[in-house]
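J.: Sequence:
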Amino acid sequence: MASPALLHVLPRFGVAAAVASALGLAGCQSMNTQDTLPPVSGVQSLKGLAQNVSVRRNSQGMPLIESSTFHDALFTLGYVHASDRIKQMVTLRLLAQGRLAEMSGPDVLDVDRFMRAVNLKKSAGELYNASSPRLKRFFDVYARGVNAYLFRYRDKLPPDLAETGYKPEYWKPEDSALLFCLLSFSQSANLQEELSSLVLAGKVGADTLAWLIPSAPDEPLPLDESDKLKGLNLRQIAGLAELDSASRHVNAINGLNVTTSSNWAITAQRSRSGKSLLANDLSAGLQAPSPWNYVQIRAPKYQAAGVSIAGLPLLFSGFNGKVAWSMSAAKGDTQDLFLEKIRRQGSALHYENNGKWLPATLRNETFFAKGQRPIREAVYETRHGALLNSPQALDSGYGLALQTASFKDDQSLDAFFDLSRAQNASKASDATREIRAIALNMIFADASNIGWQVTGRFPNRREGQGLLPSPGWDARFDWDGYADAMLHPYDQDPPEGWLGTANQRIAPRGYGMQLSNSWNAPERSERLAQLASAGKHDTRSMIAMQYDQTSPFAAKLKAMFNAPGMAQPLKQAINDLPAVERSKAQEAFNRLMAFDGRLAPGSSDAAIYELFLQESTRQIFLDELGPETSATWKAFISNANLSYSAQADHLLGREDSPFWDDVRTAQKELKPTILARSLAAAITTGDSQLGIDHKAWQWGKLHSYTWKNTADQPLRGPVAAGGDHDTLNSSPYNRGQGFDTLQVQALRMIVDFGQVEPMMGQSGIGHSGNPASPHYTDGIDPWLRAQYLSFPMQPQNFDRVYGKTRLTLVPGK
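Take 266 as the starting number for the sequence shown in the numbering used here and just add one per residue.
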């Protein structure tokens, strides 16, 4: 029987209907690893505490910290975070410092070089120094708690950390600011897109590139952006392919680098209880542990439960008994790449600025890779920022400099703390307006009011949109300060009765400031609007929305097939196919026209729909951008996963695109011909992967979840998955490459102010990052079954959720 803290709110959804049987925990668990698990009961003395502190844990290991002072609560939070996630904390810190090779060896030196150039240490120093003395004290106390764990367990580290042989350094307050800057860097939209787009431009040319980088369905092609690259020999960019690969390597390691998320709030007038509701979900890769974790704190002047990142004493989404708040990615473009003309003059590197050659600033960096002698290398900086290219590749031609925002006057860390203490929506609004160092959609609510605020620090570009690198030698493209924060989009208590974001474009075309050109496709937000505006809401409908697997893109695809200029030519193109292919294409067409858009794992129509999307991507683009092993195809697939894709853009329009022509044939193909071929290819591929009984096909037999550990070893799966890129219950895959799920909504939160205890949530994979822990993967089944845990604010309900077993921490000498 499940714990009483586990709320069986709904019967199993489609996503759980095809759940495969559990696989055992891979590898790491054995008798001797149990010593690496800190106790959950008894008494421990810790030097640094002022008074006794209680730590209780719910059925999935999430902690409740009860203390007599906020000082002791922060100290204990540091101790608990380290107890649960020290390997994750150490890995993210080394990644942010550009020192990962010290633990993982020379294979990640390209990652370290990239991150040293990015220089998050400088940003973190600015952010920490700009914070209030109060905030610095908080971070210092938290760091002491982390170090109390490191001191006590220095010889009993988790097995996956111990086996590396790396001995973690003690935690510094600035390290927490560093992790915040890593999160901010991860949310800064389109650095990877700019690099991948340059790789694409090198293959197709600047004239054609715009067709591959659309920004939104109703936006014109970004021809002005691609014009910036005309006349340039992009093959002269020093080590571009290696730099693009290094950037993707960084993203693969960085668990914070996931920008698929959503949040929404329902007004009191649209709720069944007459009080507001708020919901939030955050994605992550299918790797244990998730970057997100829940914690609850109760102290005399502070109580809150919410979403934290181990290493940071902040709650990014949560509830304090009066106010709920939530974050999702705003997809804000807050950094830019600049192409710099470079040349060697003697031993120095120079770059061009308005016709003059200036010396690049030099800083030396020393890299320590496990098992190797230290390596000393130069990092060069222009007026725009550091050159990301490997210094060995820099000689002449072009380099790529990264410009990022300054945090010298930024108090975002204080603002997050103030947000967690806000007692009404008005105070929450005040706090969110002060968050500058990271671009987010913050949605908040109290029992009677809801609000939304876009945060961040957005550059004013004199010319250009930042979608592609700008010529650094031309001052016309320089930044001119930052947009006035008063221009950031916001709203409160709208007449529609709801507010919501799903990484879509959050400002209308022609808005008074430039937020981004790298929005996600609009379908998830459109589905959110359909559901949020339908009837009145309660906890049950919030969960149904979080687990929804219907894609509006299917209806748009059918409308395109039936459009006046397409219906007859497509029919003719199908009829022109050879008999066997014609039969396949007609079957696929008929099934797609009858498809209701529900991407349930057991649906055969969903399988045909996704096979068509996959095959159409290949039919439209592979002839120009292939082969599949090429850097160009990888760059194309990467960009499609990061924002509104050329695949979707071409399917719904772009009849005049040059990519409709198959360059492998003598004749010139048009869109109907390629669509007909794609319909037939969907059935052919389905036959090879699912068998010839088309009615027995299931989307979940192509598309699955497989959870892995940090060594990329399977922990659980494959488990049949539903949904795709365009569903609220998001499960994207590499469209054009494979069907394996790349990420999931790993953490969910709902706050229903109409309930006695408003907050509930689920953590995805598992709370603990220690492979020896029973809580390493025990979140998977509740996640599949749509089961949520309660986070009570009233002390009389603590025993029901957290039990009576506790670890008592006492002051040590």
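Calculated directly from the structure, the hints in this document are not laboratory data.
Treat the hints with care, as some may be off.
What the hints assert, rightly or not - Cβ-Cβ distance ranges computed for the label pairs, FRET-style:
#, residue 1, residue 2, range
1, Tyr567, Arg608, 49 to 59 Å
2, Thr950, Gln978, 45 to 55 Å
3, Glu642, Gln299, 35 to 45 Å
4, Leu627, Asp420, 35 to 45 Å
5, Lys673, Asp756, 41 to 51 Å
To be verified - Taking lysine to any residue and the SDA-like style, the derived pairs with C-alpha atoms no more than 25 Å apart in a straight line are:
#, residue 1, residue 2
6, Lys312, Lys899
7, Lys899, Glu646
8, Lys673, Ala634
9, Lys387, Gln657
The beta-carbon is built from N, C-alpha and C at its ideal position, and this holds for glycine as well.
J.: Okay, which hints does this one fail, numbers in order?
T.: Numbers 2, 5, 6, 7, 8 - these are the hints that the structure violates, sorted from lowest upward.
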